[in-house]
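Letter by letter, the chains look like this.
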Amino acid sequence: MEEDTGDRPSTNGTASTVANPTANGCSRRLDDDEFERYSRQMIVPGMGKEGQLRLINSRVLIIGAGGLGCPASMYIAGAGVGTIGIIDGDVVEISNLHRQIGHATFRIGLKKVDSLIQHLMGLNHLPKYIPYPFHLTPQNAADIISQYDLVMDCTDNPATRYLISDICVLLRKPLVSAASIQKSGQLIVLNCPPAPQGSLTPGCAPCYRCCFKKPPPPSSMVSCGEAGVMGPVVGMMGVAQAGEAIKILASALHMPPQSPTDPPERNLHQPTLLIYTYDLESAVGPYSFRALKMGGRKKNCFACGENSTLTLEGIKTGNPDYVQFCSAPTSNVNLPPEERITAAAYHAAKERGELPGHILLDTREKEHFSFGSIEGAVNVPFGKLLMKAAAIKRDGGAASEILPPAESGKGDAPIFVVCRRGVDSQETVEKLKELGLDDQGKRKIVDIIGGMRAWKEEVDPSFPFI
Amino acid sequence: MSDTIEVATIPITVDFSGGLEMLFDNQRRHSVSLPAVDSGGKPADIAFLISHLCEKLMKDPRAELFVLDSHIRPGILVLINDADWELEGEEDYKIQPRDNILFVSTLHGG
Ligand SMILES: [Zn+2]
Chain E
1 MEEDTGDRPS
11 TNGTASTVAN
21 PTANGCSRRL
31 DDDEFERYSR
41 QMIVPGMGKE
51 GQLRLINSRV
61 LIIGAGGLGC
71 PASMYIAGAG
81 VGTIGIIDGD
91 VVEISNLHRQ
101 IGHATFRIGL
111 KKVDSLIQHL
121 MGLNHLPKYI
131 PYPFHLTPQN
141 AADIISQYDL
151 VMDCTDNPAT
161 RYLISDICVL
171 LRKPLVSAAS
181 IQKSGQLIVL
191 NCPPAPQGSL
201 TPGCAPCYRC
211 CFKKPPPPSS
221 MVSCGEAGVM
231 GPVVGMMGVA
241 QAGEAIKILA
251 SALHMPPQSP
261 TDPPERNLHQ
271 PTLLIYTYDL
281 ESAVGPYSFR
291 ALKMGGRKKN
301 CFACGENSTL
311 TLEGIKTGNP
321 DYVQFCSAPT
331 SNVNLPPEER
341 ITAAAYHAAK
351 ERGELPGHIL
361 LDTREKEHFS
371 FGSIEGAVNV
381 PFGKLLMKAA
391 AIKRDGGAAS
401 EILPPAESGK
411 GDAPIFVVCR
421 RGVDSQETVE
431 KLKELGLDDQ
441 GKRKIVDIIG
451 GMRAWKEEVD
461 PSFPFI
Chain Y
1 MSDTIEVATI
11 PITVDFSGGL
21 EMLFDNQRRH
31 SVSLPAVDSG
41 GKPADIAFLI
51 SHLCEKLMKD
61 PRAELFVLDS
71 HIRPGILVLI
81 NDADWELEGE
91 EDYKIQPRDN
101 ILFVSTLHGG
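As they're listed, the protein sequences go chains E and Y.
Each residue of the first sequence is one higher than the one before, counting from 1 in UniProt numbering.
Each residue of the second sequence is one higher than the one before, counting from 1 in UniProt numbering.
Accuracy of the hints is not assured; some may be wrong.
What the hints assert, rightly or not - Label pairs and their in silico Cβ distance ranges:
#1 Y:Gln27 x E:Ile94: 33 to 39 Å
#2 E:Gln270 x Y:Asp38: 42 to 48 Å
#3 E:Gln139 x Y:Gln27: 44 to 50 Å
Hints were generated in silico from the structure; no laboratory data involved.
All C-beta atoms in this analysis are idealised placements derived from N, C-alpha and C, irrespective of residue type, glycine included.
Work out the full structure: start from the sequences and follow the hints.
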């Protein structure tokens with residue numbers, strides 16, 4: 001707030017610039033459609049005509065038109081935010097629809113941004129909708145984000161999350177960030193009010209990196225496509241995201257105080273991480289929602305801290321490398337070719353009767369297994385298998401105990417291992433050998449390359465792969 | 001007064017969220033009686049709690065999903081009585097009776 005950007009309350013000479021969209025709109029009349037349409041939210045204490053006009057004069061960028069972006073954009077549009085940009089490069093798929101409720105069955109195959117804007121137009125035709133039917137990249141991010149007053153991170157991968165936050169720090173944009181998977185959700189408002197990079201005035205809001213310094217290792221991360229997600233859980237987070245964005249814009253919480261008499265607590269003070277935990281087996285419990293107190297800006301933050309070297313030019317030219325940053329090396333199993341077989345070759349050998357009495361282990365989760373499996377396969381979920389292996393090592397049981405009881409007495413019958421996409425199965429082969437189940441190489445233990453996905457592609461196109 | 005016979009413990013609750021509960025018997029809340037001092041006689045801190053959880057409470061052998069080089073792995077937030085542990089001294093925070101320690105893994109899906 002020390003350096004002069006012309007937005008001090010007393011010197012309002014720059015009121016017509018985009019830096020202060022509230023000043024020029026505050027005196028305008030609402031037309032009849034606006035008046036009727038927004039009446040029920042304008043009469044809420046604290047909102048009023050002034051808050052509504054701030055929304056109408058605001059520009060919000062929604063990054064991601066999926067499980068978060070659909071509900072978030074619906075409330076942003078309904079509330080009357082004047083300019084709404086939506087960016088996403090994907091197309092609508094049928095498996096999106098249980099949670100991505102801004103799309104429709106008859107719009108499968110359409111670009112998500114176009115599908116969602118069709119829906120939003122039906123809800124409220126007054127805002128200006130701007131589609132960006134491609135993914136956000138280090139090259140295009142600054143140009144797009146600079147056109148907006150507030151950014152909503154509705155993406156699904158850490159590399160993009162760090163990119164968005166870095167650009168928001170450099171362009172001084174408030175960021176409302178949410179994430180969700182399976183039965184959990186998280187929400188946090190960042191960079192609000194925005195402070196210049198490197199400024200360490202007490203009370204400076206944190207950026208994404210201040211709160212989440214490093215991404216989790218890729219091996220611990222799964223996507224909604226792989227791990228699944230409950231629609232209402234991700235929906236709840238998207239709706240809460242819209243709630244925070246509307247609050248910030250309607251009350252100008254991202255702006256320096258407009259009047260010297262404004263209490264300092266008007267601006268978001270205590271960074272708070274909201275977490276939501278949903279349980280399919282029990283009713284709403286006392287820890288379903290938790291508001292967690294987070295720290296402020298970190299002195300040594302890579303993006304917003306004291307000696308940060310992050311620049312817009314750097315980002316554009318690949319520095320930092322977001323993909324690299326989010327993909328630390330993983331310990332890859334390297335099986336020799338004789339311990340691997342393609343799905344097609346396995347199927348052919350089985351058809352020719354070359355595999356009598358073999359064991360086929362399927363290490364997918366039981367939910368996945370329940371939708372279908374290769375004939376004769378037995379299900380030992382990967383996590384359970386590792387647990388059993390550890391118990392055998394610890395307590396010194398027989399290696400064959402790791403197999404289901406019906407299979408454990410089959411002497412040296414060859415073992416084939418299949419999983420969803422062919423990663424866990426390789427680790428399983430390695431694990432079984434480690435336990436000595438391969439009988440010093442006399443018993444064959446073989447990985448089916450590419451898992452059930454390859455089975456569907458190479459052998460059985462009708463297989464219900466999820 | 002021999003503490004080899006009677007080890008004083010600190011009663012606390014430990015919560016796991018964001019998928020970490022999977023490593024701890026799928027149970028989100030655990031009541032833990034934490035030894036008041038570690039093997040070297042130092043008062044129990046968060047670092048000691050983490051090793052205690054790995055040894056005594058973790059049911060899943062995939063410890064690398066929780067710790068990395070004997071520190072909590074990147075992507076897990078530690079909250080002490082609902083406040084980020086960085087506000088409380090991180091691993092050096094001395095555990096108090098009835099503390100609630102929450103481990104949450106950062107989510108990225110959407
Ligand atoms: Zn930061």
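Structure-based check of all given hints:
In this structure, glutamine 27 of chain Y and isoleucine 94 of chain E meet the distance hint of 33 to 39 Å, their C-beta atoms being roughly 35 Å apart. At about 33 Å, the CB distance of glutamine 270 of chain E to aspartate 38 of chain Y disagrees with the hint of 42 to 48 Å. Distance hint check for glutamine 139 of chain E and glutamine 27 of chain Y: the Cβ-Cβ separation is about 46 Å, which falls inside the suggested range of 44 to 50 Å.
Hint compliance for this structure: hint 2 alone is broken.
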